Amino acid sequence: MSLHQLTAHALLDLLKSRQTSAREAYDDVLARIKAVDPKVKAYVRMAYTPPDFVGEIPVPIAIKDNLCTKHEEITCASRILKGFRSPYDAGVIERIKKSGGTILGIVNMDEFAFGSSCETSCYGPTFNPWDLQCVPGGSSGGSAASVAADEAMWALGSDTGGSIRQPASFCGIVGLKPTYGRVSRYGLIAFASSLDQIGPLTKDVRDCALLMNIISGYDERDSTSVNEPVPDYTKALVNDVRGLKIGIPKEAFVDGLDPEVRRSVEDALNLLKKLGAVIKEVSLPHTPYAVATYYIVATAEASSNLARFDGVRFGLRAQPKNVRKNALVDMYEETRSLGFGDEAKRRIMLGTYALSSGYYDAYYLRGQKVRTLIKNDLDEVFKDCDVIMTPTSPTVAFKVGEKVSDPLSMYLSDIYTIPANLAGIPAISVPCGFSKSGLPIGMQLMGKAFDEEMLLRVSYTYEQNTEWHLKKPKLN
Amino acid sequence: MSITREDVKYIAALARIDVPEDKLDAMTKSLGGIVQYVEQLQSLDVSNVKPTSHAVPVGNVLRPDVVKPSLTNQEAFSFAVEAKDGSFKVPLVIE
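Just so you know, the sequences run in chain order A and B. Following my numbering, the numbering of the first sequence begins with 1 at its first residue and continues without gaps. Following my numbering, the numbering of the second sequence begins with 477 at its first residue and continues without gaps.
Hints listed in this document are in silico derivations from the structure and should not be mistaken for laboratory results. Just so we're clear, the structure is a prediction, and the values are computed from it rather than from any experiment. One or more hints might be untrue.
As the list claims (entries may be wrong) - Which chain A residues stay away from chain B? Per the calculated CB distances, all over 10 Å, these:
#1 18
#2 132
#3 213
#4 232
#5 256
#6 262
#7 310
#8 451
To be verified - Here are the simulated DSSO-like pairs of lysine-lysine, each with C-alpha atoms no more than 27 Å apart in a straight line:
#9 321(A) - 485(B)
#10 499(B) - 403(A)
#11 565(B) - 70(A)
#12 375(A) - 436(A)
#13 70(A) - 560(B)
Cβ atoms here follow ideal geometry from the backbone N, Cα and C, with glycine treated the same way.
Sequences and hints are given; from them, build the entire structure.
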């Protein structure tokens, strides 16, 4: 096995026994990127600053293009931020560097994380390593594709409505959205501040626990960071689910769910039952409203967060030729019109509408109230369940171009992942099978706030008893 | 409720986005479709429900008002589109 194919924990074992060096591993992954990235197109640019190979956990890592990394160009895959070199490190990047993490480069995403396919990027799409005709999912599509293609040992992404879990599912890897407040958002370019959370995309569950150990913890520079003790997540890797209660929401297994996805998730459920878990049918009656709620709350927050991109301080500035309103307003409007892609404009405008005078009560306020109902549903189920299990996405990866002209059908691919963001709870996607066409299928486990350990324990047990996570795409 | 062409022009002005005439119909159609989809929320009774703005209860977070090291002026302007005398330069606003 080549070094680039290793999990991070396998690499760390080799380093410990001095069978390889951090530099050797880094160079091997770089060579892999050179070999396969022309096909996958996961990276938008390689790091300008080379690593110093000092530190305990020198694992080659890919960084999503919305995490500020000092001296690197960080653009949210948008023309409006082209040329922006971050003057500082995000909280998670500081932690990665402190641990010795060796940053390979910056990976692709949907523009400002607005999308589920990586196709709205100003750099063009990333392709799914399992089938280059298909999307890798999104918005952290570059993160997921880089890990699946062995172009990074692990990666960081961000998840506002499923942006870590859905691409992890499409690419056959593990992706975790932590509890809101568990990981500092300082230096994450905001999409929807009440929903965004940074998290790991990894080759297996042990790596997920290891990367959580590095990035979790309180940060006073993020006022929503929660000051709770951080456990050693690797201690949660216990191969035992006996007596644990798994809730299965009946609303999840309805029309629109691909029969192959349904079968794989049901098989996984039966396996966990065989291993001693207790399966319980539950109801989350308001989750069918989650997508509608999300597209009000998230776009409203986005329209406000993206107001800062106006050509004044950083990124693109248009030079209008004719005066229409006045020189400053013309500059704002032309900069934003040139700088943002169609989906970004659509979401900013939708959010502006939901917040505008006369519509605020009917849309934004009502959306926030339905958010309460969805959260209450989950709270109620967690009184008697340890985890809730659903598919991660209703389908396997779709073809590039298939959904770009129909935003609503794209939005519906997040139907299972959105509730965890609205409720602020942690959720993980774990590989649980393949379609006949050879595309990965993922299952989602949601847990109680700050109970990532339970998710890791159930995922680990499942992984120890299956081999899906060991399969690799054939790219050569 | 449906969205009209005039609504889109109005929202575009609020959002400081210029939607050219030839793209107005397409934007009206796609925004209209989404607004129609979110209409489903109107069927729920939320009269006694409190809104959730954050899933985890958060209040004001205060810190001591102490000067700490931060970006230098030079670093902060390293990415400026146009800067002059330690300030961001913008087009003339008042004649």
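Each hint tested on the structure:
1. 18: 39 Å, holds
2. 132: 28 Å, holds
3. 213: 21 Å, holds
4. 232: Label holds. Min Cβ-Cβ 23 Å, cutoff 10 Å.
5. 256: Fine: 14 Å to the nearest Cβ keeps residue 256(A) off the interface.
6. 262: 24 Å, holds
7. 310: 7 Å, violated
8. 451: With a cut-off of 10 Å, residue 451(A) remains clear of chain B, as the shortest Cβ separation is near 14 Å.
9. 321(A) - 485(B): 22 Å, holds
10. 499(B) - 403(A): Measuring from Cα to Cα gives roughly 19 Å; hence the hint holds.
11. 565(B) - 70(A): 24 Å, holds
12. 375(A) - 436(A): Answer violated: residue 375(A) to residue 436(A) is near 36 Å, above 27 Å.
13. 70(A) - 560(B): 24 Å, holds
Hint compliance for this structure: hints 7, 12 are broken, all remaining hints hold.
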